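*Asks:* Dock chain H against chain X, hints included.
Residues per chain, in single letters:
There are 2 protein chains.
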Amino acid sequence: MNQPIDEFSLISDYFKELTGQQNVAVGIGDDAAIIDIKADKQIAVATDTLVASVHFPKDASAEHIATRALCVNLSDMAAMGATPKWFTLALTIPKQLACSEWLQGFSQGLARIAGEYNVSLIGGDTTAGPLSISITVLGEIPTGRGLCRKGAKPDDIIYVSGTLGDGAAALHQIQHQDLAQNTRLTERFYKPKPQIELGVGLVNYASACIDISDGLVADLSHLCKASSVSASINSQSLPIHADIKQAYSKQVSQWALTGGDDYQLCFTVPSIRQEQFERWACSAKFVVTTIGKIAALDHNQNYLKIDNQTSSITAGGYSHFR
Amino acid sequence: MNQPIDEFSLISDYFKELTGQQNVAVGIGDDAAIIDIKADKQIAVATDTLVASVHFPKDASAEHIATRALCVNLSDMAAMGATPKWFTLALTIPKQLACSEWLQGFSQGLARIAGEYNVSLIGGDTTAGPLSISITVLGEIPTGRGLCRKGAKPDDIIYVSGTLGDGAAALHQIQHQDLAQNTRLTERFYKPKPQIELGVGLVNYASACIDISDGLVADLSHLCKASSVSASINSQSLPIHADIKQAYSKQVSQWALTGGDDYQLCFTVPSIRQEQFERWACSAKFVVTTIGKIAALDHNQNYLKIDNQTSSITAGGYSHFR
Chain X
82 MNQPIDEFSL ISDYFKELTG QQNVAVGIGD DAAIIDIKAD KQIAVATDTL
132 VASVHFPKDA SAEHIATRAL CVNLSDMAAM GATPKWFTLA LTIPKQLACS
182 EWLQGFSQGL ARIAGEYNVS LIGGDTTAGP LSISITVLGE IPTGRGLCRK
232 GAKPDDIIYV SGTLGDGAAA LHQIQHQDLA QNTRLTERFY KPKPQIELGV
282 GLVNYASACI DISDGLVADL SHLCKASSVS ASINSQSLPI HADIKQAYSK
332 QVSQWALTGG DDYQLCFTVP SIRQEQFERW ACSAKFVVTT IGKIAALDHN
382 QNYLKIDNQT SSITAGGYSH FR
Chain H
82 MNQPIDEFSL ISDYFKELTG QQNVAVGIGD DAAIIDIKAD KQIAVATDTL
132 VASVHFPKDA SAEHIATRAL CVNLSDMAAM GATPKWFTLA LTIPKQLACS
182 EWLQGFSQGL ARIAGEYNVS LIGGDTTAGP LSISITVLGE IPTGRGLCRK
232 GAKPDDIIYV SGTLGDGAAA LHQIQHQDLA QNTRLTERFY KPKPQIELGV
282 GLVNYASACI DISDGLVADL SHLCKASSVS ASINSQSLPI HADIKQAYSK
332 QVSQWALTGG DDYQLCFTVP SIRQEQFERW ACSAKFVVTT IGKIAALDHN
382 QNYLKIDNQT SSITAGGYSH FR
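If you read the protein sequences in the order shown, they are chains X and H. For this note's numbering, count along the first sequence from 1 and bump the result up by 81. For this note's numbering, count along the second sequence from 1 and bump the result up by 81.
Note that these hints are calculated values from the structure, not bench results. Values in this document were obtained by computation on a predicted structure and should not be read as measured data. Just so you know, even glycine gets a beta-carbon here, dropped at the ideal spot from N, CA and C. Just to be clear, a hint being listed does not mean it is correct.
Said to hold, decoys possible - Only some residues are given here: those of chain X computed to face chain H with a beta carbon under 7 angstroms: (1) Asp111; (2) Ala192; (3) Thr208.
Chain X with its partners taken away, still in its complex shape:
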């Protein structure tokens, strides 16, 4: 029989400082946390798991793992237009990592992101086992205003935020142990920026929204399927950062389409609101790019056309390090 990891003291030793007091009636250290909810709000809830060697290299630093895990989860809140407020952490760690140094690094990484995005850790469970991190984020949305995948209509304009392909380029560099080359890409991989402020603003303009975690082709197809529409995009219009356009000229188009791990938002805006939206986005300094248009779904249920061709590109899905 193995000696158990003492969950009770681990959580209070390393993570208790992360529990803020924003509407938290009971925080870490009880059987459950209790949170106060305002009457005119709904709660958004999302869960994501990151497994070592699947979602991050198993030799990544504890701080990197923690920042990536929380950022990726916060991105789901951005996609709903929710303001993230609280999160729970289920941390499974092998015994050799249950040392104070690793846990301190992990806790610091988590604290940094929690502070930046003003979210409080409200509960946790630490277990001995193969390294994996499951985070559940809770956020607030003004009642009835949440952004869904469903809701895109023919003639809506399709936008993406930021640049695409950076996640795949970073992964390529990690796999070729070449990350020192480009600190922007290291940051994009280990600290992908959840587009919270953009998402919160989009509730006033967008008809549908999704975050790009599996790649634009896969995620835009999900949005179209949920909305029962099709999308037509122009591959030349995809926003790609100059440094990867230059360094990876052969791969970069494919990465932007199917690479995944970008954590940008892909969303649709009714054409009648386009001008008003773009004025707002510009004044708020959000980088957004028009990449195509929504159309009615044809009889063959093709959700996506790229440069007027039915997409035959398969979705990239998750990246595996094994």
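*Replies:* Frame of chain X; chain H shown alone:
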């Protein structure tokens, strides 16, 4: 590179029927779920992870694993006096289990408990990796009425629900591959009964409450530490089921004190409310047993006395199958 498990289709194929519609504005299939909250309620949130070979034998059936995972999580709601309403599932499965048979069994087990306790699955994430299940349960509590570990006062009466030691006896039988002997114990291990109705009623009587997952000694000590009091219990008064008293006469007292995995409630009731509480418990047919009394904390900070002796028994903690 491994082929990814398609999380999107797994969740919709196997788990979509589990999402009820109780106050769920947006259910499975979006970046996050959205739930409606009533104005006079607070939300209780708890997360627990079960890892194969640590919290259940790795050859346990998919249905057994699912029922145990959800029951154990619901027990945290019971301990808070919360009514569980929603849950998210983070399921990490090795590729060889990502077959329809295993997933169907898992989904059926989950559906059975979700139906019994009227909780809806609102989100999920399925990942390839070593088998583990993280569940986050959300429940409602009338504002300000949640039961905490903190709150016990000197002279409060200490109670436990049901019988103790069954979890350890079941574990013993599993480890000796002897579970066929006693179907009551098999059920206690794979379908521990979360004491939801008792917890919901206790908000009217109890000063503090905890669920017994790590063993009475460990969990009552947690309650005392949170309340800054000590507990004095009488080992002869611990409720033990006749069948394990007979079959395991040597081990049974130790199991009742430190065995863990019982998922009963341990709670304190001010003596002034004792009579009223016991009348209610009796009329509602809850089996509860007085096991001792709360006292002021002494200078040595001993949280627990058993039969008037300072407890030197170490907490059993988690059970490991490795």
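*Asks:* I'd like to know which numbered hints this structure contradicts. Please list them from smallest to largest.
*Replies:* 2
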